[in-house]
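Q: Chain residues, written in single-letter form:
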Amino acid sequence: MGSYVPSTKEQRWEMLHAIGMENIMDLYKDVPSEMILPEGGLNIPEGMSELELTRALTEVAEKNIVFKTVLRGAGAYDHYIPSVVKSITSKEEFVTAYTPYQAEMSQGVLQSIFEYQTMICQLTGMYVSNASVYDGATAAAEAAAMCKSRKKTVTLVSAAAHPDTINVVKTYCYGTGDEMRVVPAKNGKTDLEALKEMLAAGDVASVYIQQPNFNGLIEDAEEIGKIAHEAGAMYIMGCNPISLAIMKTPAECGADVAVGEGQPLGMPLAYGGPYLGFMATTKKNMRNIPGRIVGETHDKDGNRAYVLTLQAREQHIRREKASSNICSNQALCAMTAAVYMATMGPDGMADAANQSVAKAHYLAKHLCEIPGVSMVYDGEFFHEFVTSMPKQDEVLAALEKAGILGGLPVAEGVLWCATEKVSKNQLDRAIAIVKEVLA
Amino acid sequence: MELLFEKSVSGRKCSILPPCDVDSYQLCSCTKRELPLDLPQLSEIDITRHYSALNRRTHGVNNGFYPLGSCTMKYNPRINEEIAALPGFTGIHPLAPAYSTEGCREALQLASKYLCEISGMDDMTFQPAAGAHGEFTGVMLIKQYHQAKGDTARTKIIVPDSAHGTNPATAAMCGFEIVNIASAPDGCVDLESLKAALGPDTAGLMLTNPNTVGIFDKNILEITRLVHEAGGLCYYDGANLNAVMGVVRPGDMGFDCIHMNLHKTFSTPHGGGGPGAGAVGCKQFLAEYLPKSASMDGEGHIQVRSFAGNFLVVVRALAYIMFLGKEGIPEASTNAVLNANYLMNRIKGTFEPAFDVTCMHEFVLDLGNFEKETGVSALDVAKSLIDYGMHPPTMYFPLIIHEALMLEPTETESKETLDWAADIFRKLYDLGHEDPQYMHDAPHHAQIGRPDDTEAARHPVVRWNQQD
Amino acid sequence: MNFPEELKYTSDHEWLKMEDGVAVIGISDFAQDALGDVVFINCPEVGDELTAGEALGDIESVKAVSDVLSPVSGKVVAVNEALIDNVEMLNEDPYGAWIVKVEGVTDTVELMNAADYEAFCKEA
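Top to bottom, those sequences are chains Z, R and L.
Letter 130 of the first sequence, counting from 1, is numbered 173 in this note's numbering, and no numbers are missing.
Letter 177 of the second sequence, counting from 1, is numbered 545 in this note's numbering, and no numbers are missing.
Letter 41 of the third sequence, counting from 1, is numbered 56 in this note's numbering, and no numbers are missing.
The set of hints was computed from the structure by calculation and includes no laboratory data.
Treat the hints with care, as some may be off.
[Claimed, not checked] Here are the simulated DSS-like pairs of lysine-lysine, each with C-alpha atoms no more than 25 Å apart in a straight line: (1) Lys-716/R x Lys-72/Z; (2) Lys-716/R x Lys-134/Z; (3) Lys-129/Z x Lys-375/R; (4) Lys-137/L x Lys-326/Z; (5) Lys-444/Z x Lys-478/Z; (6) Lys-90/L x Lys-194/Z; (7) Lys-191/Z x Lys-326/Z; (8) Lys-191/Z x Lys-137/L; (9) Lys-660/R x Lys-740/R; (10) Lys-116/L x Lys-740/R; (11) Lys-364/Z x Lys-137/L; (12) Lys-660/R x Lys-106/Z; (13) Lys-195/Z x Lys-137/L; (14) Lys-375/R x Lys-464/Z; (15) Lys-400/R x Lys-269/Z; (16) Lys-72/Z x Lys-586/R; (17) Lys-327/Z x Lys-78/L; (18) Lys-343/Z x Lys-78/L; (19) Lys-651/R x Lys-129/Z; (20) Lys-716/R x Lys-481/R; (21) Lys-106/Z x Lys-586/R; (22) Lys-327/Z x Lys-137/L; (23) Lys-195/Z x Lys-408/Z; (24) Lys-464/Z x Lys-400/R; (25) Lys-90/L x Lys-740/R; (26) Lys-408/Z x Lys-651/R; (27) Lys-134/Z x Lys-586/R.
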């Protein structure tokens, strides 16, 4: 069996004797004996050495198929991850530290979070960012909770948002006993007329939309903000962070809260996690945002110092009156995002965004030249789009056989995605396979 | 030290992407951002040196002793990092076709099977991303259960006053009223208070056992029986599972659902505050209420996070369990308890334990008397430890002890480390009597002196170059 | 510790002064001392209806938060905006740093005079 206990058998005896005990199980004398498992009573396999462990789990990993080309997004995006991102974020101190409660020995982690917060503010145009939440879906749910007031408790969510986000917001609303209503989509985008009608009741606390939306389409985000504000509701925008390098920021669209899934900023697909929920808001709402926040201050000698601040918002002080119970977050993923943004820089971020747009449009154009393939929606899209095509299952199977993960089958057709990571050659090959199957 | 932004030089950059090999596409100008994107402009060497400097200003478990109570700062095995970085795990799209993700699903099934066995539960979800998130999920199981039975009068969750702040915050997020019950003098649940709180409006009880003062509640079977008798369910907060895994199972204590902090008990790293994973297990009768992902499994269930949760964290925990196996798991907890008792005994006679009994994996020192004698507070002692390269214990928790320091050494510390730590505590006890001012001013050799928290909260500066 | 004669006090450590039918409300010297350095105050808005004995807002220190209970029922006619940017006034001059002014007072919690309140604080 494997063990990480350093004390030798002799030392353990010595320690036991020092506390006046003979048997290690004497430590459990308060535990009713009928509950204690017999020795070896745990029905799991025997332990193993490090080498055996590596063999066993490598074998499990190899049962997965890693596609060389990924043309599927739908909430998890295959962007290129620069080498420095991986090497920096695997440094042992960063990996093994806890939440920086003791500022005097945690300035490194605290400063890295302060830098992350600044970058999220720069990306979104908002005033203040928290230190991260679990993922994009929970960020939306936390934002919805933060916007509720005594008088207004209803959350409106666009049907064109990610289905997981809708379901998570719905779950959080069910928790507090508040209502979530889904705003229908029209031509793949949030139906503005329906939105206006649903706001008329006057009980709406906030409106959530996703930009670009689940269908890849670009929403009329500024207009939606105006509509929400006219009805006295807060406006929450869920954004793809890569798109923000070139697209109108939530601040420019009038958002009260900007949230999103930070996974595209240097995190691998990893079967869904760990990912990163980012969350930023206006100055006015600074003391309502949940989660940890790092602030700048000075130490007693006047040196610049960073600390966890505005803690009176949080559960360990406010207990049942806190609007969220979050404590652990996704700190190392936030650092990953910060290193990614620092490495790409403003031009590199815009380049990744523009290349993703260019490649998605190249793919869409050439797929639609194939007889039988057409775009489902005619709106402007970012790096995802939905096509309809005959023999959809056969097409996807043929692509997979060639090492290409094609678009995601959705109700209306196939949802494709392209990022800067795929080359023209890879796209041409995928297009050729689709053409061949449909010939 | 300077911030990344202060090191930025206009025009400097890293070479990462090739030129675009397809025609560019211009989105409508109406969608373009006008706000300049002010990210730092740096070369690779600027970036790596910056983070190396930050890394030097960070204290992790591998730097030294980290007895932060209730956080289980045990060794984070390097092999688990290597396994979690295998391309066969990192390169898998969560919505890839099932036949191509067999390995991921097998890893999750194995982890579920082993963790169910360890906790005495029947089914499990890995969606929750942290302990508090697991609490939310678990209490939502309780909510759904009562609602499905039409039992809408059950509106209250009972929480002991020694509980972590997440417990009442969680119950509130699930729409429950909180009934706080007082602890008995020994820090355990006061059975009379519990009985008085129970009734037809009881939805459930949230409890850790061992509790937040590090004591195993010997009345546990009676407690869970009383709650069940009143029609409520019992939720186990797994924050302190490291004391008992492989020795006694929460399922056998009478609990109906549980969360486990994989980043505490099962050795996955804390990452400066996350990501963690809060696996939630339950007995069979609650399994139908477990969350599922709308995009992976379809509609009709609650959901607390996108996709399948923090998958790579679960992989690390699985590696840990497979490595230790059926003998190694109890070996870890029994040694965690041994280390805590040994350290408590070595300190005793100076700082006094709040409860002078056999503790579990952690114990609380009550510095109330010491503070009265010397004027030196628990905070001063904590800050003084920093000068020795030791991370301070958890301070001022649980709230029922006023000058509390809570120590959890974990099983991965050697006897030599515990002896070293005990000697430092004893030294500080004497120093408090000799030179209290020196301790008020501590730390003396740290990265910074004590920061001004009041200024930070009164006039928050929460980003570089903040302009109102 | 300071207990001005002209004020009335609650057992929750708020002070109250009636000025031409308008109730002026703040927190006592004892309260600010117990809270420590105050970092933020959540105030009601002008026009809000307050209920005697219920929270009108809360006060945050670095490590704690506590409700400010309204001594009266009535309508908020003014909020001390200066506190938003200068919350330290609550520590420095608790009796100068009023929080809200309330009109149309219908109900009042039990109040103490300065001497009784001073004795009450000594016991606490």
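Q: Hint by hint, note whether the structure agrees.
A: A quick look at each hint next to the structure:
| no. | hint | result |
| --- | --- | --- |
| 1 | Lys-716/R x Lys-72/Z | holds (21 Å) |
| 2 | Lys-716/R x Lys-134/Z | violated (37 Å) |
| 3 | Lys-129/Z x Lys-375/R | holds (22 Å) |
| 4 | Lys-137/L x Lys-326/Z | violated (41 Å) |
| 5 | Lys-444/Z x Lys-478/Z | holds (15 Å) |
| 6 | Lys-90/L x Lys-194/Z | holds (18 Å) |
| 7 | Lys-191/Z x Lys-326/Z | holds (17 Å) |
| 8 | Lys-191/Z x Lys-137/L | violated (41 Å) |
| 9 | Lys-660/R x Lys-740/R | violated (54 Å) |
| 10 | Lys-116/L x Lys-740/R | violated (42 Å) |
| 11 | Lys-364/Z x Lys-137/L | violated (30 Å) |
| 12 | Lys-660/R x Lys-106/Z | holds (23 Å) |
| 13 | Lys-195/Z x Lys-137/L | violated (44 Å) |
| 14 | Lys-375/R x Lys-464/Z | violated (29 Å) |
| 15 | Lys-400/R x Lys-269/Z | holds (18 Å) |
| 16 | Lys-72/Z x Lys-586/R | holds (9 Å) |
| 17 | Lys-327/Z x Lys-78/L | holds (22 Å) |
| 18 | Lys-343/Z x Lys-78/L | holds (19 Å) |
| 19 | Lys-651/R x Lys-129/Z | violated (39 Å) |
| 20 | Lys-716/R x Lys-481/R | violated (41 Å) |
| 21 | Lys-106/Z x Lys-586/R | violated (46 Å) |
| 22 | Lys-327/Z x Lys-137/L | violated (40 Å) |
| 23 | Lys-195/Z x Lys-408/Z | violated (45 Å) |
| 24 | Lys-464/Z x Lys-400/R | holds (22 Å) |
| 25 | Lys-90/L x Lys-740/R | violated (46 Å) |
| 26 | Lys-408/Z x Lys-651/R | violated (52 Å) |
| 27 | Lys-134/Z x Lys-586/R | violated (43 Å) |
In the structure shown, a violation is registered for the earlier hints numbered 2, 4, 8, 9, 10, 11, 13, 14, 19, 20, 21, 22, 23, 25, 26 and 27, in ascending order.
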